[in-house]
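S.K.: Could you slot chain B onto chain R? The hints should help.
Residue-level listing of the chains:
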Amino acid sequence: MGIEPATVLASKDLVGIAGLEAGEIQLLLDTAEQLLEVARRPIKKVPTLRGMTVVNLFMEPSTRTRFSFEVAEKRLSADTLNFSSSTSSVTKGETLFDTARNLMAMAPDFIVIRHPNTGAPHRLANVVTASVINAGDGSNEHPTQALLDAFTIRRHFGSLDGLTVVIAGDIRHSRVARSNALLLSKMGAKVRFAAPASLLPVQVDELKAESYLRLEPALEGADAVMMLRIQMERQKKLNFPSMREYYDFFALTPERLRLAKEGALVMHPGPMNRGVEIDSEVADGDQSVILEQVTNGVAIRMAILYLLAGGRSESAAGS
Amino acid sequence: MTERSGEKSSLVRVLDREGIGRTLARMAAEILENDGDGIVLVGIHSRGVPLAQRLAEILEAVTGKKIPLGRIDISLYRDDVGPWRPAHSQPVLKRTELPFDLDELVVYLVDDVLYTGRTIRAALDALVDYGRPKAVRLAVLIDRGHRELPVAADVVGKVVRTSRQEDVQVRLLEFDGEDGVWAGTEVADGD
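So the sequence lines, in the order shown, correspond to chains R and B.
The first sequence runs 1 to 319 under the numbering used here.
The second sequence runs 1001 to 1191 under the numbering used here.
Chain R extracted, bound-state conformation:
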């Protein structure tokens, strides 16, 4: 099944995979494919977004996503302003909307937001004229991570259609798993969740994924395996007896990886807990594409900025 790329993104914002059509995803991936080349030039910068301003509003800790956005913004020649929760007025009690109104007074063209609350980017998008890009909201979505994961897989297999992708680990608290499952199923891939029952999401139906309570059967015939980090900060207490036990049943070890298809990709959105969800031998092995994911993340974020820069007013919607 060939998915025809769209010619334009319908919305001024990119707040979730849920609101994207398969053709729009195809357009984003195709655009990223061409933008990868910018990183290989002697001068890694193009003037496309000259004069445009991007506000990076990070209300939750992030290193790689924030850096990745910043590199993407700078390679497209946009001006960047960084706000993080520890240094901004948010710690002084200002609400998201007051912060947003103040930011809009500085006339940014884009707001990249990471927020601990589900739906914060969506609500922000409704009140500002800037394009809002979701860099992770609560346990809801992390659309740019899902796009870069899909991009990485597509670069190895040529297409996502018909592939089987395992997502293993803390699915319930993971916006990465949610966005990935939504995206992969839209693009014709099959998704398998593997986790202890306490870490599986409550409503799996919406995500069109099969659930497995053991890693081994999920791995059989898999084309790619995404290991998720055990997120201590989103759990009041551990939902499994011990780290050791988690490793024994769910860590991706060389022996378990052999159950997947030969040459299956090993992926991790980072940061990794080596020796908890993934063995070092696997993380650093031939099948690992973990560092490619980081490189591809910059190209995907450039593609989003480039495409959103084209349709910033209401007249672009529906064209």
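The reader is advised that the hints may include incorrect statements.
[Said to hold, decoys possible] Pairwise CB distance ranges, derived in the manner of DEER restraints:
1. R:K74 x B:R1164: 33 to 41 Å
2. R:A197 x B:F1100: 19 to 27 Å
3. B:E1148 x R:R50: 15 to 23 Å
Think of the hints as simulated: they come from the structure by calculation, not from any bench.
Cβ atoms here follow ideal geometry from the backbone N, Cα and C, with glycine treated the same way.
M.R.: For chain B alone, kept in the frame of chain R given last:
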């Protein structure tokens, strides 16, 4: 001069298939007169790419030497992309390939039609991000006038006088299934 049959338009054919072939052969000869050695051809997407390829084939047949070929997409360097212009769909990005070190080379940019000169301005900006060529020259199949920037071609296939309202269509086998150049006013249905 033949009118295109079966279409309601006043487009006039200014070059047919043989005409394009002859024109490219003459352009190749001019390139060799200007610069003998150390040249590369860089086609500007979309129709500059196959034209550069055809010129390279002619040059290789004449000189017996391999002519390096590149292609360049100027979408990221356009001057109509940015906060000052109205919403539109962004141009679809195409592959830029310059598989050689530009320094010490004479780069021939190749395009189908030279019009406002804005595409060439963008291509020059793109090119200098990849290196510092010894010289950059411009070869175009058609020069239709109406420059908006101080840009001139070094090698011109054919000058076609047009008004701004008129259209110039270069159709190439690689994209359009036929070779030919048409100019004139395309009349919309119902007029």
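S.K.: Mind listing which of the numbered hints don't hold for this structure, in increasing order?
M.R.: Of the numbered hints, just 2 does not hold.
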